[in-house]
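A.B. asks: Spelled out from the first residue to the last, the chains are:
2 protein chains.
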Amino acid sequence: MEDVCRLFIDHSSAILDKDGKKAGYTRSIWTMINLNAHEPADLLTLHGGSIVDYVCNESCPIEKPSCIEMTAGKPSAKLTAKCGNIDTSGYTNSIRYIGHILGLFLIQLYVRKQIQRFEMAYMAESCYGDELFFSEEEVNEDEYHVEIEKNDYRAVYHARVRFV
Amino acid sequence: MEDVCRLFIDHSSAILDKDGKKAGYTRSIWTMINLNAHEPADLLTLHGGSIVDYVCNESCPIEKPSCIEMTAGKPSAKLTAKCGNIDTSGYTNSIRYIGHILGLFLIQLYVRKQIQRFEMAYMAESCYGDELFFSEEEVNEDEYHVEIEKNDYRAVYHARVRFV
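Keeping their order, the protein sequence lines are chains A and B.
Anchor point for the first sequence: position 77 equals 78 in my numbering, and the numbering is continuous, going up by one each time.
Anchor point for the second sequence: position 101 equals 102 in my numbering, and the numbering is continuous, going up by one each time.
Derived from the structure by calculation, the hints contain no laboratory data.
Note that this is a predicted model, so its numbers are computed, not measured.
Heads up, none of these hints are tricks.
When chains are identical, the list treats them as one kind, so a pair holds in a single copy or across two.
Restricting the straight-line Cα-Cα distance to at most 25 Å, the calculated cross-link-like pairs of lysine-lysine (DSS-like) are:
| # | residue 1 | residue 2 |
| --- | --- | --- |
| 1 | 114 | 83 |
| 2 | 83 | 151 |
| 3 | 151 | 79 |
| 4 | 65 | 23 |
| 5 | 151 | 75 |
The following block holds chain A by itself, in its conformation from the complex:
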């Protein structure tokens, strides 16, 4: 745990090889959902705020996520969430979002370049039967922002894809 505030935990981890040498890293931001209230819990009041004692001072070379801004655009693709898109919790699976976002780009791009970074931020969940609308915005030659909206054009998911 790198850092914690009222609603979010900055979480990172290192993947060690058999000799204990760092071979890879992960970085994510977590929130704790109260399953009864369906709202994020205030982490600093739970257990007398002792969660801050678990912050450790390990560094992680993966760049922190930043705000992904989108200017309203016309959706370029539409998808209805089907059985195969839904996980056991009843919500659309992140891997499916990623798969559909990668499908927005032409194969010619993948022939010339590879993905250096894929950043994602959740605004809401989507469920079985939801209509999902995908809009992408070219920020520059190597970076694209993608927004997924559902039904009433409520934002579900923002992604940043950087090619190199």
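Chain A is already provided as a structure; the job is to place chain B on it using the hints.
C.D. replies: Coordinates of chain B only, in the frame set by chain A:
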């Protein structure tokens, strides 16, 4: 190899557990494509037809595939083959066909029943950018036939899905 004729091999295999006991089976039909001519090879003329010597007498409890007949129907779903649907040979991956076919059925069906058998037959390949049209036909309460056609409504793929 259970059987061989001019163009097709009936292939089956058993999956053994650590004690050598049969734990599962596979069944498939293969054809050998001449990569220069892009046509199936005549198996009985290659190597003096010695392929017949490899037919063995093991039984496989999986029912043999049968002809999947379709009456022309109106497509209920459409998909453009994207990067993520294509495998390294440049053709749409079978797993993607299966995933999209399973998505044609309502989640209520999966709640009540499970798939007992999924049978598939290829008529043609589809490639990146092809428009794919899906039509399904309810044969009876537990059995559906699905056809995938491409672009000019040429049949690509027939499937039979049996629920139990």
